[in-house]
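Could you put together the complete structure from these sequences and hints?
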Amino acid sequence: MLFLDLLIQGLLQGSIYGLIAVGLTLVYGLLRILHVAHAGLFTLGGYICVIVTNQTSSFLLAVLTSMILVGLAGMIIYRICYQPILDQPPFVPLIASIGLFIAMEELFRIFFGAYGLSFTELPLQEPLALMQINLKQAEWITIASSVGFVAMLAFLANRTKLGLAWKATVTDPEIASSFGVNIIQVRYLNFFIGSSLAAVSGCMMAVLNNLVEPTMGSVPSYKMLAIIVLGGLGNVRGTLIAAVLLGIIESYGTIYLDDLLDRDSIAFVFLIIALMIRPQGLFQRH
Amino acid sequence: MAYEISLLIVMGISITAGLSLNLITGFCGQISLGHAAFMGIGAYTSALMTKNGFPFFPSLAAGMLLAGIAGFFVGLSSLRVRHDFLAITTMGVGFLFIGLVRQQDALGGEMGISGIPDPGLGKIGFLLLVLGCAALVILFCQFMKRSWLGFSFDVVADDEDTALLMGLNVTQFKLIAFAIGTCLAGLAGGLYAHNVRFIDPESFGFIESITVLSMVVIGGIGSVWGVVIASAVLSVLPLWFQFIEDYKLLVYGLLLFSVMRFSPGGLSAIFSKIFTRSLK
Chain A
37 MLFLDLLIQG LLQGSIYGLI AVGLTLVYGL LRILHVAHAG LFTLGGYICV IVTNQTSSFL
97 LAVLTSMILV GLAGMIIYRI CYQPILDQPP FVPLIASIGL FIAMEELFRI FFGAYGLSFT
157 ELPLQEPLAL MQINLKQAEW ITIASSVGFV AMLAFLANRT KLGLAWKATV TDPEIASSFG
217 VNIIQVRYLN FFIGSSLAAV SGCMMAVLNN LVEPTMGSVP SYKMLAIIVL GGLGNVRGTL
277 IAAVLLGIIE SYGTIYLDDL LDRDSIAFVF LIIALMIRPQ GLFQRH
Chain B
1015 MAYEISLLIV MGISITAGLS LNLITGFCGQ ISLGHAAFMG IGAYTSALMT KNGFPFFPSL
1075 AAGMLLAGIA GFFVGLSSLR VRHDFLAITT MGVGFLFIGL VRQQDALGGE MGISGIPDPG
1135 LGKIGFLLLV LGCAALVILF CQFMKRSWLG FSFDVVADDE DTALLMGLNV TQFKLIAFAI
1195 GTCLAGLAGG LYAHNVRFID PESFGFIESI TVLSMVVIGG IGSVWGVVIA SAVLSVLPLW
1255 FQFIEDYKLL VYGLLLFSVM RFSPGGLSAI FSKIFTRSLK
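Quick mapping for you: the protein sequence lines, in order, are chains A and B. If you're matching positions, the first sequence starts at 37 in the working numbering and goes up one per residue. If you're matching positions, the second sequence starts at 1015 in the working numbering and goes up one per residue.
These are calculated hints, taken from the structure and not from any lab test. Don't be surprised by glycine CBs; every beta carbon is placed ideally from N, CA and C. Don't take each hint at face value.
[Stated by the list, open to error] Each pair of labels, with its calculated beta carbon distance range:
id	chain 1	residue 1	chain 2	residue 2	range
1	B	G1123	A	S94	54 to 60 Å
2	A	Q91	B	F1212	56 to 62 Å
3	B	F1165	A	N218	43 to 49 Å
4	B	P1069	A	I291	17 to 23 Å
5	A	L38	B	P1069	49 to 55 Å
6	A	I309	B	M1125	45 to 51 Å
7	A	F148	B	L1253	54 to 60 Å
[Claimed, not checked] Chain B residues, not near chain A, derived (Cβ > 10 Å throughout):
id	residue
8	I1019
9	D1098
10	I1138
11	M1158
[Said to hold, decoys possible] Listed next, the stretches of chain B that the computed footprint assigns to chain A, with coverage defined by at least 3 CB atoms under 8 Å from CB atoms of chain A:
id	segment
12	1090-1096
13	1221-1231
Have a look at this one:
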């Protein structure tokens, strides 16, 4: 059973990675910015979720609040942080983003304390057996929400006018805007959607660990960069595959590779190998 | 007095570290987010050697050599990927270094290496050594900037494709920049290990890489004096003002962000702007 358990744990971790990484890859696809501060939004999402749940004892309300507030925060970050430096060389927004992320982590520590927050009453803990796999409700919901949101995103991108505008802007912003697409709106919307997905994964992470702490974003933040590079930057499908694969590999890696490497550096081994062999990413953009 | 000496030692080591990254990122335009790993290689090599009875100076040199060799190989990656991809690759190298060290018992694992022997130079002697190293590195960088090597680095940093068209051997220059820069980082790491006399994986983690990078970026990428001043000030600022120590990372983060947002050229750009304006 160990084999299967590890697989499921890997899937679970992979869905969380996937939800964060999709937002990041959307931002990269549109603006060519490596948005490290995205993980700060993930942490913010977790905090809002715990605080609202503890106040109102409704987890659903907490997730919705968190999605909206974090989505707005993402738009503000775009406006204040990235928009003015879009014409600079790529390392400028990257370093600015790292600076912002470090500052955000410190602000969480200063406002909410270094030891983090927990739920007063942890929601979604009833066990639920589906197909003879026994998981907690929260774990099922994590996997389901990851699949659901990504399907929604795929629908949005492929079947709506909005998605068409988004894809046009990714391909060529100037031509898109000359065809009447409001590229500023597309960018704001992009940040809103990406950030609210990060908020969802922050909420799920909070429930799975019953803890939010200032540094909960620091490992994901850099691992996400590895994932979106492996997934072929800006490629949503590739990013998801990379996220789930990494989740599963890490899950087995903790058992079989532990003498050599710690879990968090496995992603970077793959990153370095992959970039050296295929500098354009494992799954090339179409 | 002892306190002032230790402040100056910290300052000198930071200047060496800052300039070593400036050589790669500033002079040659190759961004590195894993610089602390090379300091780590220098620190671990020299610390393990002096702990096993080797004399101080050969150990320091061995640390530099090993860091430089590692840097040469990491530099190979800069031939494959550029700009932000190179940034991610070097960041990955940094995380990989810590991940490896953490799990090796021979390297002290999570607990690190403690009881690193005193170099036997006395407090003043060590200070002179550190300041001497920093001064030599400053002179070396100044000299580099004006040498043909420095000019070639400049072209590579400005526009790689043009450099290629001009018949410059871009590959060679990038590798040289990485090898020299990481070798000097190894020096800074060795000095750090024998100053603090305790090292663990966390001392060379991502935050440390970012700290060094912020010295370079805030000082002004590619400017020698800007980086010297920024390294000196940023390294002792938290020690001088205790309240900053608590908010050290917040200050670093905000500084990094604001410099990139408002003046990507750093301090040196601000100064030269003020200076040229006053000349008019």
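Checked hints:
1. At roughly 45 Å, the beta carbons of G1123 of chain B and S94 of chain A sit outside the given window of 54 to 60 Å.
2. Checked against the hint of 56 to 62 Å, the pair Q91 of chain A and F1212 of chain B fails, with Cβ atoms roughly 45 Å apart.
3. Hint check: F1165 of chain B to N218 of chain A, Cβ distance near 46 Å, so the stated range 43 to 49 Å holds.
4. The given range of 17 to 23 Å is broken by P1069 of chain B and I291 of chain A, whose C-beta atoms sit roughly 43 Å from each other.
5. A beta carbon spacing of about 51 Å between L38 of chain A and P1069 of chain B agrees with the range 49 to 55 Å that was offered as a hint.
6. Evaluation of the 45 to 51 Å hint for I309 of chain A and M1125 of chain B yields a failure: the beta carbon distance comes to about 30 Å.
7. Separation of F148 of chain A from L1253 of chain B is about 27 Å and departs from the stated range, judged on CB atoms against 54 to 60 Å.
8. Even its closest Cβ contact with chain A, about 30 Å, leaves I1019 of chain B beyond 10 Å, as expected for a residue assigned away from the interface.
9. The claim that D1098 of chain B lies off the interface is violated: its Cβ sits roughly 4 Å from the closest Cβ of chain A, which falls inside the 10 Å cut-off.
10. Every CB of chain A lies more than 10 Å from the CB of I1138 of chain B, the least distance being 36 Å, so the non-interface label holds.
11. Every CB of chain A is more than 10 Å from the CB of M1158 of chain B (nearest about 22 Å), matching its label as outside the interface.
12. Given as covered by chain A, the segment 1090-1096 of chain B passes the check, having 3 residues with a CB less than 8 Å from a CB of that chain where 3 are the minimum.
13. Residue count for the segment 1221-1231 of chain B with a Cβ under 8 Å from a Cβ of chain A: 5. That meets the three needed, and the coverage hint holds.
Checked against the numbered hints above, the structure violates hints 1, 2, 4, 6, 7 and 9; every other hint is satisfied.
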